[in-house]
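Trainee: Here is what each chain is made of, one letter per residue.
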Amino acid sequence: MKKWFSRGAYDGIPIALGYLSVSFGFGIKAVQSGLSPLAASVISAVNLTSAGQAAGVDIIAAGGTLIEMILVQLVINLRYSLMAISLSQNLDGSFTAPHRFAAAYGITDEIFAVCSTRSEPVRPAYMYGMISAAFAGWVTGTALGAAAGQLLPADIRNAMGIMLYGMFIAIIVPPAKKQLSVFLVVLAAAGISLLFRYVITAVSGGFAIIISAVAAAALGALFFPVREEADTA
Amino acid sequence: MKLAVYIIVMAGVTYLIRMVPFVFFRQKIKSQYFRSFLYYVPYAVLSAMTIPAIFYSTGSYITAAVGTVAAVALAYFGLPLIVVALAAAAGTYITGFFL
Chain A
0 MKKWFSRGAY DGIPIALGYL SVSFGFGIKA VQSGLSPLAA SVISAVNLTS AGQAAGVDII
60 AAGGTLIEMI LVQLVINLRY SLMAISLSQN LDGSFTAPHR FAAAYGITDE IFAVCSTRSE
120 PVRPAYMYGM ISAAFAGWVT GTALGAAAGQ LLPADIRNAM GIMLYGMFIA IIVPPAKKQL
180 SVFLVVLAAA GISLLFRYVI TAVSGGFAII ISAVAAAALG ALFFPVREEA DTA
Chain B
0 MKLAVYIIVM AGVTYLIRMV PFVFFRQKIK SQYFRSFLYY VPYAVLSAMT IPAIFYSTGS
60 YITAAVGTVA AVALAYFGLP LIVVALAAAA GTYITGFFL
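Each protein sequence line maps, in turn, to chains A and B. Numbering (numbering that gives the first Met the number 0) for the first sequence: 0 to 232. Numbering (numbering that gives the first Met the number 0) for the second sequence: 0 to 98.
Some hints could be false.
Calculated pairs, EDC-like style, for lysine to aspartate or glutamate (alpha carbon to alpha carbon, straight line, at most 16 Å) [what the hints assert, rightly or not]:
| # | chain 1 | residue 1 | chain 2 | residue 2 |
| --- | --- | --- | --- | --- |
| 1 | B | K27 | A | D91 |
| 2 | B | K1 | A | D57 |
| 3 | A | K28 | A | D10 |
Output of the computed footprint for chain A on chain B, the stretches with three or more beta carbons under 8 Å from beta carbons of chain A [stated by the list, open to error]:
| # | stretch |
| --- | --- |
| 4 | 2-12 |
| 5 | 19-30 |
| 6 | 45-55 |
| 7 | 70-79 |
| 8 | 87-95 |
No lab work stands behind these hints, which were simulated from the structure alone. These numbers come from a predicted model, not from an experiment. For each residue, glycine too, the CB sits at the ideal point set by N, CA and C.
Same shape as in the complex, but just chain A (with noise of 0.2 Å):
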């Protein structure tokens, strides 16, 4: 058990270092559209979300409708909801329903990946344990950058903002290397991706992910369907 969190944790550190640096951009931004740092670092610690967040302090800001904050929560945050369905295939039998209660709320696109490519089934502690580490980057990074985001020079404050991304990265290239299929489907994902940014720009960029990343998954699962025991990374 102790095992398996500390694991969890320790694969939760690049996690919690790219958090620590995007939320407090966060941090910035709430306390620029009004809310205290204390606020801020609620919203962060109930949510656990970027996107998401971000959009719902737009809308406190502008002082909009419950339903305009559910409907933008809705669409932002959908593809946890694939996400929960992906992870839940590879979920060890230990992982009861109390437990998928509370991991439940640490699903995030990071945490997701890290615990949906590992080729052994997740266990509780072990989600707890990199939840536990997301957490402490995401709430600190937000208090901080709250509570004295101006004091850090714009460079280091510049390049901390690619650490997500490169962490995506190192998610992607292993298994794409390795499987053409792989990378064929990132390829489109990002193909499509690029066409919703540059061509079809009416699409919000919540929508745009959502659909271009249904739209390659459909077209990999329909031209190079995984055999059951072949579909390890």
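Following the hints, complete the assembly by docking chain B onto the known chain A.
Mentor: Just chain B, lined up with the frame of chain A:
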């Protein structure tokens, strides 16, 4: 409107989106197509989130491009996540001096 109400609604919706499928999706999926689809989803999501957003992540396309190349190169040789992420930041930071 009260700030607390906004925060509760926001957190509640975000939690439900994660919790409902995670708790109620208990059985193994039989369909080979759907299983294959779910296998590819994480890679597709991360790819769509990274491209092209990574090039806007540092305030300069050039520093971002160098950081991206550094990350891809190290990831290709299978280095750990944290090393790849730090290399992307280092590539970005160092390139910034030359601009």
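Trainee: Can you list which hints this structure breaks, lowest number first?
Mentor: 3
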